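Let's have the full structure, built from the sequences with the hints guiding it.
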Amino acid sequence: MYEVKYDEKKCLSCRTQDCLIKCQYIDIDKESAKKEILKIGHGEDSFVLHECVTCYACEEYCPMNNHPFYLIVEKQEELDIPPLPRPLIQRGINLGVPFRGEPVIEKVNGRSLLMGVFSDLMFLIQGKLFEGVPVISSDPRKMFHYFCQLMYLHYARTSVINDRLPKIIETIAKHEVDEVICFHDECYGTYTSYCSAVGIEVPFKPVHFFEFLYDRLKELKDEIEPVNLKVAYQRPCSSRLSSDKHHFVQDIFELIGAEAVEREYVDENALCCGGTIVGQRQEGSRKRAAEIEKKNIEDMKSAGAEVCVFNCPACYNTMAQIVTRNGIAPIYMSDLCRLAIGENPAGWR
Amino acid sequence: MNSVYEALVEIVGKDHSSVQPEELFIYSWDLGTTEPHRPDYAVSPRTPEQIQKIVQLANKEKIPVVPLGGGLSLAGLAVPFKGGILLDLKRMDSIIEVNEKARYTVVECGVSQGQLTSYLERHCPHLTHSEPGAPPTATIAGNMAIHGQGDLAQPYGFNSDMINGLEVVLPTGEICQFGSCSIGSGWFTLHPLPDVGLFLGWTGTTGIITKVSLRLFPCKKIRGAALFAVDNEELIPEIIYKLTHTQMVEDIVAFSQAIPPFSSGLQHITINLSADSEKELEFKQEIIFDDTLGEYIRKGDGGYLGFNRGLQRPQISKTSDWRKGGGFEYVGSIMPIDTYPECYRRGRQISEKHDIPYTVLGRCIGAAHAMMFSWTYAFNRADPETIKHAKAALHETDDLVLKLGGTIWKPGLYGQKLVMERLNSSTFDLMRKVKQLLDPNGIMNPGNWEPAL
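Chain order of the listed sequences is A and B.
Numbering-wise, my numbering puts 271 at position 271 of the first sequence, and it's gapless, one number per residue.
Numbers given in my numbering equal positions in the second sequence, counted from 1, plus 1000.
Any given hint could be a false lead.
Computed list of lysine-lysine pairs in DSS-like fashion (alpha-carbon distance at most 25 Å, straight line) [stated by the list, open to error]: (1) A:K22 <-> A:K39; (2) B:K1279 <-> A:K301; (3) B:K1284 <-> A:K287.
Quick caveat, the hints were computed from the structure, so don't treat them as lab data.
Remember, predicted model here, so these are calculated numbers, not experimental data.
As structure tokens, this is what we get:
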């Protein structure tokens, strides 16, 4: 049975309580923060378990690497405090069930790009950047065999993750891959952060998609023409699980001549896209999500962004229309990189 | 040369009449489970006068005439069970008039739903019509003739409630008009003249509709749909009741289906909203999702899945393709809203009994006055065993509809028989007299609504 390796001593010795103090959705003082996180650690009820919007950020804020977010989610499930209504949880859990047969296992014997559950976005991985890189999970009918399952953190269902994830890892491993470039940083966070937090073994080396893009761009440096675009980056919740790789956002922008506009809601202070909040049980969730969406857009506009760069398809689905309505063009990071090397990406309109 | 064929060529021209087997084959079947029956002739007239002559010829020769719109009814309603002349009306495809201020359009019988949608989007973007769930090639007149419903059913009712006037070629050849157009006052209303509504629900057995005046409605700048999910089917009637009470929703459709897995066992409700401004949209969303549905969300019984702008029309028919490439047919019914839970449960049982992934759907008509509830049964056209199962499931469902106190919508022959067995005897007698009066030679779409008439 997998469970989060939580160390109470780390919280007791923590001087900042940043996990909850920095939370953008819960108003709490330092003393209460320590008290509440320890309560949660002991398996007791806490208002934090009810008010958490599951944005993952505390996982990044924690200076002790003590996995407060995984702990919160685990206890939400144990104490039956679901952030979402019952039908949405059932729907979500059913969503990740693999169906339509078994995946075709092709042996890779090396490095491969993993599309995870986003096989219908194959159009985003075309062109020189991806030449010679084999792809696993390219069939949309079979993609749930590769679904990292971490989405269920939003559903307070670590039991589902712990049950399914080892089988997913087993499927990926059957391809005989050494290095797995994770298209979505949720997958990367799963294999680098979550698995180690709960003790699931990962038999391959995960590579962050942005690190891969950066390295490829450096190889193609001679072909780069500065894009000369003012860009805003919409940081996804899953990026909080790989904050050590977040610098690649800025590194890529600098390499391709994109100017990151000065936003208030950026890096550690980034706001959720609202997609996970909109359907939550808390009073006013729909409005809260709309307010967050508005804050994000106003922030981008006042900073003078011309384009909004996404990595997470869920953020894109939530925000692309409203971004467009506000005169800012939505684009995936991979497409922005393709623009820089003179390609005409299919997803760029 | 066949003298009937020569006469038909004389009326519509050689290019628009056929006795070629391959062309007759096309007209011998629909997309459902009904056995095919080949017509003897297929013609495609362009004017009511040509139809008049064809009908007169058919009366003289005592040949059946079967009118065909888009041919999408699935239940054999335009299958020529007794051969005769198949009347393909698709060449009569002119949009004759759009009166913007009075919000109506006059169209010929071959005008399709997609054609009108496209025309209005291009030329009158502030007007729309109630588009049914059928594929866009379905005709407006054909849909009227079967009492179809569309995506404005919630505020405005059946599509056949949206008629301002009709032109019909009677089975004996007279061209009649109904509504204000019949007294030369234009096509703006069906009222308050004496009611002679004899052409709706009869599936082409009392005459051939050649022109329709159809009501149009405001098309707001922002149109979109929200999805709401519950795991207890018993909640659906009260949720629909509460939603309709707001008088703010354009279309309400509740559905459940076995495939894809995420939807199985859950009831999803699509809630269509429209607004002319962000202010109006937010006001409506607040009333509907925060106030009306908020109690379900907070208790954990119902989940809001967000609002998506832009509506791809039609929406409902897309569910028929979940299995990709197979066949499907459904029983549609008009049911009281409060039967939804039972309709879902019993439909699921029938599907599972016949090893068919279940797909059920209920569209709210009017302010919860009724719903069109459908049970869809997929089959493989190349596998007779699956067709047999689908047919059995369809018949069991026809029985179920009447058992649950509903009426079968656009019934096939089996359903028609069940309905006629239950009809009030005086009503049935009147129908027989009406039919005899209008169609003394029994040439119109024989087989349909016929066994006891």
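Hints, one by one, checked against the model:
A hinted pair counts as satisfied when its Cα atoms are at most 25 Å apart, and K22 of chain A with K39 of chain A qualifies at roughly 18 Å. Using a Cα cut-off of 25 Å, the hinted pair K1279 of chain B and K301 of chain A holds, with the two alpha carbons roughly 21 Å apart. For the given pair, K1284 of chain B sits about 13 Å from K287 of chain A by alpha-carbon distance, which is consistent with the 25 Å threshold.
Comparing the model with each earlier hint shows no violations; every hint is respected.
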